Structures are given as C-alpha cells and as structure tokens.
Amino acid sequence: MSAAPSRAYFDHAATTPMHPEALAVMTRELARVGNASSLHASGRAARRVVEESRERIAERLGARPSEVVFTSGGTEANNLAIKGLYWARRTDQRRRVLFSSIEHHALLDPVTWLAAHEGARIEVTPVDREGRLRVDALKTAIESAPDDITAVTTMWANNEMGTIQPISEVVELAAQHDIPVHSDAVQAAGYVPLDFEASGLDAMTVTAHKLGGPVGVGALLMKRELTPTPLLHGGGQERDVRSGTIGVALLAAFATALDLTVEHQAEQAARIERLRERIVEGITRLVPDAVVNGDPLAGDDHRLPNIVHVTFPGCEGDALLMLLDAHGVEVSTGSACAAGVPQPSHVLLAMGFDEAAARGSLRFSLGHTSTDADVDRLLEVLPGAHERARAARLVRGGAR
Amino acid sequence: MRVIAAMSGGVDSAVAAARAVEAGHDVTGVHLALSRNPRSYRSGARGCCSIEDAGDARRAADAIGIPFYTWDMSDEFADEVVEDFIAEYTAGRTPNPCLRCNEKIKFAAVLDRAMALGFDAVATGHYAQLRTAADGTIEMHRAVDHGKDQSYVLGVLTQDQLRHSLFPLGGDTKDMVRVEAERRGLQVAHKPDSHDICFIADGDNAGWLSEKLGPKPGAIVDESGAVLREHEGAYQFTIGQRRGLKLGMPADDGKPRFVLDIEPVSGTVTVGPREHLLVDGLECLKPLWCGTAPTEELECTVQLRAHGAEHRARVKVGDDGGSIVVALIDPAEGIAPGQACVIYDGSRVVGSGTIARTSRAATEISA
Numbered sequence: 007m008s009a010a011p012s013r014a015y016f017d018h019a020a021t022t023p024m025h026p027e028a029l030a031v032m033t034r035e036l037a038r039v040g041n042a043s044s045l046h047a048s049g050r051a052a053r054r055v056v057e058e059s060r061e062r063i064a065e066r067l068g069a070r071p072s073e074v075v076f077t078s079g080g081t082e083a084n085n086l087a088i089k090g091l092y093w094a095r096r097t098d099q100r101r102r103v104l105f106s107s108i109e110h111h112a113l114l115d116p117v118t119w120l121a122a123h124e125g126a127r128i129e130v131t132p133v134d135r136e137g138r139l140r141v142d143a144l145k146t147a148i149e150s151a152p153d154d155i156t157a158v159t160t161m162w163a164n165n166e167m168g169t170i171q172p173i174s175e176v177v178e179l180a181a182q183h184d185i186p187v188h189s190d191a192v193q194a195a196g197y198v199p200l201d202f203e204a205s206g207l208d209a210m211t212v213t214a215h216k217l218g219g220p221v222g223v224g225a226l227l228m229k230r231e232l233t234p235t236p237l238l239h240g241g242g243q244e245r246d247v248r249s250g251t252i253g254v255a256l257l258a259a260f261a262t263a264l265d266l267t268v269e270h271q272a273e274q275a276a277r278i279e280r281l282r283e284r285i286v287e288g289i290t291r292l293v294p295d296a297v298v299n300g301d302p303l304a305g306d307d308h309r310l311p312n313i314v315h316v317t318f319p320g321c322e323g324d325a326l327l328m329l330l331d332a333h334g335v336e337v338s339t340g341s342a343c344a345a346g347v348p349q350p351s352h353v354l355l356a357m358g359f360d361e362a363a364a365r366g367s368l369r370f371s372l373g374h375t376s377t378d379a380d381v382d383r384l385l386e387v388l389p390g391a392h393e394r395a396r397a398a399r400l401v402r403g404g405a406r
Numbered sequence: 009m010r011v012i013a014a015m016s017g018g019v020d021s022a023v024a025a026a027r028a029v030e031a032g033h034d035v036t037g038v039h040l041a042l043s044r045n046p047r048s049y050r051s052g053a054r055g056c057c058s059i060e061d062a063g064d065a066r067r068a069a070d071a072i073g074i075p076f077y078t079w080d081m082s083d084e085f086a087d088e089v090v091e092d093f094i095a096e097y098t099a100g101r102t103p104n105p106c107l108r109c110n111e112k113i114k115f116a117a118v119l120d121r122a123m124a125l126g127f128d129a130v131a132t133g134h135y136a137q138l139r140t141a142a143d144g145t146i147e148m149h150r151a152v153d154h155g156k157d158q159s160y161v162l163g164v165l166t167q168d169q170l171r172h173s174l175f176p177l178g179g180d181t182k183d184m185v186r187v188e189a190e191r192r193g194l195q196v197a198h199k200p201d202s203h204d205i206c207f208i209a210d211g212d213n214a215g216w217l218s219e220k221l222g223p224k225p226g227a228i229v230d231e232s233g234a235v236l237r238e239h240e241g242a243y244q245f246t247i248g249q250r251r252g253l254k255l256g257m258p259a260d261d262g263k264p265r266f267v268l269d270i271e272p273v274s275g276t277v278t279v280g281p282r283e284h285l286l287v288d289g290l291e292c293l294k295p296l297w298c299g300t301a302p303t304e305e306l307e308c309t310v311q312l313r314a315h316g317a318e319h320r321a322r323v324k325v326g327d328d329g330g331s332i333v334v335a336l337i338d339p340a341e342g343i344a345p346g347q348a349c350v351i352y353d354g355s356r357v358v359g360s361g362t363i364a365r366t367s368r369a370a371t372e373i374s375a
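Residue numbers (the numbering used here), protein chains in the order written: chain A, 7 to 406; chain B, 9 to 375.
Here chain A stands alone, though its shape is the one from the complex (with noise of 0.2 Å):
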C-alpha cells in the first residue's frame, strides 16, 4: 500500500482492504451511465460488463456463468439459499433443515427464523474440540429421516477459527439422497482454492469484500436444476431469483478483486501462514498460558492460513481489545450483540469451551495488506495490554 500504515490491521476476516485495481475498475464504471437491463447502447454496454463479470467470476470459482446469481452480499446470499430451498422444497412432510454448530449469524439467525415462522423443524449437528463437523452425527442426523430434508448446510471454513469443514464427506452423504448441500465459502474464497463443480455442492455463497472486491455485492452459486423461491420479486434479473438492478461497477470490481486473489492465491496463502507463524510463535513466547485454538495444522484441508484465535485465560476480550486498539492495533473479540456488548461466541461454546474462556478469546486475521511490520507492531504492544487486562479481569473477580 502507499499510504504508511498509521494502524496495523487484524480483522481481514470481517472486511479486507479492496485491491487497488479493483477500486480503479470500480470508480471508472461508476461513471457510465447504463442500466444491464436497457436495450440501447448504453445498456448493451452496461450488460456486456455484467455478463463479462459474471464469465471471469464463474471460471475463477469452477462454475458456469448461469450458476452465478448476484446478490447484495453473503447475507443476503445464505437466506436466499436456505430460505428459498425451503420454501420450493418443503411438503407436509419434508421440514427438516440441517446445519452446523458454528454457522455465522448469516446462515443461523435465516435458519432459526423458519423454525419460529415457517414449521421447518431445524436440527444441528455438533462440532469437535477444534470446531469441526462431526461428519458422524450427521450421517445419523440425516439417515433417520433423508426425505424429509430441505437442505443440508455447513459453511466452508468457520469466520472465527477459521477450521476447514469436512464438505466433500457431506456432500457424499447428502448425495445418496438427493439432498441438496448448501455452503457459506466467504471465509474460504481467497484463502484456499474453490471450485464449485468438482465441490459437488448445490449452492454455494461468496461475497466480494472479503477478497479485496466492494461491500455491497456477493453471488450465490447455484446449479441450474435448483429454483429457490426468491426472497425479492420484481424486474426477474439473476434468473427471476434475484430481482433488482445490478449494480455493474459492483460487479465488475468484485470480478477484479477474485482475479487477482486466485492468481495469487498460492504465493499470498504461503507468505500469510508465515506471518501467522510468527504469530503464533510470539503469542505464546510473551504470553506463555495462551492457547491457541482450532485446528494446529497448516493445509487446505485443516485450516485457513490467514486466522489465530487465541484464548488468554484471565483476560478480557473486549478490555484487551480497548487497549490494542489504544495502541494502534485492532483486531476482533469474535460478535457482537446490537447494543454492541461482545456475548459469548456460540462458536467457542459449540466447540465446548465454557463462558470464561469464551469471553477471554480474541481473533487475529490476516489479509492481502498484512506485513512483518504489522506482527512486531503486535508483539511489541501485546505483552502491555494483555498485563493490564488481565488485572481488570481480576478486579470485577467477585462480579461473575
């Protein structure tokens, strides 16, 4: 970057900085005039960068361009799948909606909202100590009743431990039956390769500002055979599932941001899991009771390269994360409630850690900007704050 880092950035995992090209992409399209939809010129020429968007983003994700349906975001995305899978597949009968113990609120709260609103019966399947699926349970969950199921979902690489979930084993179990495997890939996309096809998944949600594209614009991938009811009705773009006007300089930045993201998926992964090495390493050298979470091995198939969650037991999240912010260096406690107190994760209570220890955690996340000069930045500032909230733990003892 140009600009001299003032801050040293630890939250890639909840917005990445956009890719220079991408923002250059972005400004220049913002400036045309044309509605995709319009028959003239000014529309072809909108369309043309539409569906070119649309071409690259399929082939960098192993998908036809007809399986990309755009949509505001990974929000927007998940309840589009989940609830739209519902709706076209529900009978009397057929209620059963699965996913796992640590999905994001994204998938969760879209989930428990048909429960409490539409009759689905919704079922979760458990996680291991390093917040796996348990691939075991589901297979039970799934083989009691397997036609009575809408969808099964389970998100591709957990947001705050950022542990690789088993997909390939529950698209093979939901296969046997037909049931249709959705997974939320916005923490994965950028940081291992995707590819839709050979995944064997149904649907499958991206978002373009966790990859250095635009907020404002994701795609849910979707084989063609599936026809969610749409959550919006109107002008029938995106297949008549998705209405509503593109929002083409959206579009085509997000398809610059994933070119450049899986061109250097490989080289940026390696140079990342170093920095998080050097993490680790000073994490647990300055604060030798720290526990790292999740899964301790490196590779596609553990772990994305870009997360540490750690635990500093005795400690506050929230009161550690004052201090590094106070120090220039921001990173994560994991969600937080509309009032904006931290809770609990419900990922680290899934995973089976107690409240304590759950409230004592913090995510560092690392992205495409992230620098040496950002890590000695941390390990030169946390030894301080973790002393000092560690004492404020201890003051406000007798509280809980």
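Hints are computed from structural coordinates only; laboratory data are not their basis.
There could be a bad hint or two in this list.
[Unchecked claim] Calculated Cβ distances over 12 Å to all of chain A for the following chain B residues: (1) 149; (2) 217; (3) 274; (4) 303.
[Unchecked claim] Here's a subset of chain A near chain B, in silico, CB distances under 7 Å, partners left out: (5) 325; (6) 328; (7) 401.
This one's a predicted model, so the numbers in the text were calculated from it and none came from an experiment.
Built from N, CA and C at the ideal position, the CB exists for glycine as well.
Given the structure of chain A, go ahead and fit chain B onto it with the hints provided.
Structure of chain B alone, referenced to chain A:
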C-alpha cells in the same frame, strides 16, 4: 490524565466528555450496558440503557473525536442495583437506585476497571463541583445550577472515589450545556432529559415490583389500627404517598390520607393525615464523612431525597460512631427509610448516611 468518559447517550455526559478532551485529557468514551437484555428496554429519552441511547453515545463520541466502547456491566448492575432495589422494597424501605448505581457501578466497578486498564479517572455528566481543600481533602459542592444539582446522588462517594472523578459540568447551567452541545454539533443537544428508573421500562414501579415479588397481601390501617382495606403488597407503597391508595371512602375529617408507615414483616401500611407525615428526628446508618468525622454537634442543612428541599438541622455522630443522629430544625414531610440523608455546610457536602429510622416529637414511628 487518561480519562474514561461514561457516556449515557444524553446531552450532559456528551458535553462532559467534550470538555474533558478540551481540558487536555486523553479521553475514551464508554457506554455502560446495564441491561442483560438491552432490547427489552425502553427506547427514546425516558431511560438510559436502550440501544438507541448506546447509538446516541457512539455518535457523540464520533463528533467529539474520541474512541468509544461499550462495557458490559449488566451482571454488576443486576447484583448491586436491581437486587438491592428489590431487597430494599421487600424490607419496607424506599431505595434510590441512581445513588446506588453511582456508589457501586459508575464510581466503583467502572472506576476500578478503568484504573486497572491504565486510566486515571472517570468523568461523568453529573452536576456537582469538586474542589481540593488546603489539607488535600476533596470537597464536593452543589452545582451552580441548583435546579440540576446532583450532589445528593453523589453524596455517598468516598474520598478515594472522588479523587478519581471528574464532573466537568458543575459550574454551568443546563441551558448553557445545551447551547454548548449545539455549538459543538452534538446530535443530542435537544434530547429530553431522562427521568424515572432506567430499568423499569414504563415508569410503573409498583407494577414492576409486583411482577418481581408476587402478591404479599397485607392490610392498610389507620392510626387507630382499624383495617381500611387489604392490599397486594406493601412494596407498592412509599411513605408520603397519597395517590393510588384506593381507600374507597374519605377519612372522618374528609381530609386526604397519606402513607405514614410501612411495616415490612406483617406488610401493614399505616395511613393518616398529612400533618402526621412530619418528622423532626432521623437516625442514619452507613455514615460517610468528607474528611474527618465531626467531634461535636454541627449546625448544618440536610437533603433527604433527590431534588428535595434543604432542611436546617443539628447533626451529631451517634454514640457508637456507626450512625448519625439528625435533629431537624425545620420538620420534613414524607421521609422514607432507605433514602440518603446528605449533610451540607452551605454548598459543601459534609457527609451522608442512609436513613434507618424517623421520629416525631420523641415518638419513633418507623423502624
């Protein structure tokens, strides 16, 4: 100094934070989440713990240009304030939860956490003034704006707490603070003041208490002991209360009747004429002195409820040192055990205690 500005989302704490910045402090804004379930709280301006208030506090911090975080103090608040509130009513007393929150949350749990995290002080939007006396004692004085003065609800703070407190608004009037908020571009400049108790959504204290405590039937009696009616719970009544007694028929003399006494064990609520509400003696527990305890009787004034009047009084330390005996020169009306008695010398807070007993003309009327 490194300062935590406690920001409720109201205009006062926003201006207090801005002034702390201008005074040269390194300020971090903190909104206290006091409810375990913020969604259940009222929105708008009536309380201080809604999601909307958290958003207002955040926008004020943005405008001032300071970091902002929400601190979850809901467990501490539930334990120290809400449960105490219920226990006090159960015991037939009338607690002041705002005072309790200052004593146990804002200038205790929050201050302790701030100190542990490397901060030096907590700033709030309370209207009170702090001065350092020649001997190093931190004196608290009433605010310049007597209508807004909050020294009463801060009167329970110890020297150590006051030493780490900042009240940047004590020298100004509320009107000036609103004008300043507007000049600073703060969105909350015209937000209405909060009222009532923040954790009771609709202001219906009696309804809230009966939900928490369930029916505890008892009798409403007159001073002769004659039963006037049954009630569902003594906690629905406060000393001095006139409205909502639902006695059906007027008193013999046709005058309104007031709650004179609440007996917590039997739940008996005694009512009588207004003149019997007058008390001229108090015994207070939990004495707290700003500086050393007085060795002889003080001629002073006392305030006996939030925004209440000042009463001239003679105050001395009880025989055991663990109480304060107050002789009111101007009798006071409707004084409820559980409320604080804050003692003033002119504008200066001398000390405080919690009212345990009241008496009238040498007759003890409340235990």
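Against the structure, the hints come out as follows:
| no. | hint | verdict |
| --- | --- | --- |
| 1 | 149 | holds (30 Å) |
| 2 | 217 | holds (24 Å) |
| 3 | 274 | holds (35 Å) |
| 4 | 303 | holds (35 Å) |
| 5 | 325 | holds (6 Å) |
| 6 | 328 | holds (5 Å) |
| 7 | 401 | holds (4 Å) |
The structure agrees with every numbered hint stated previously.
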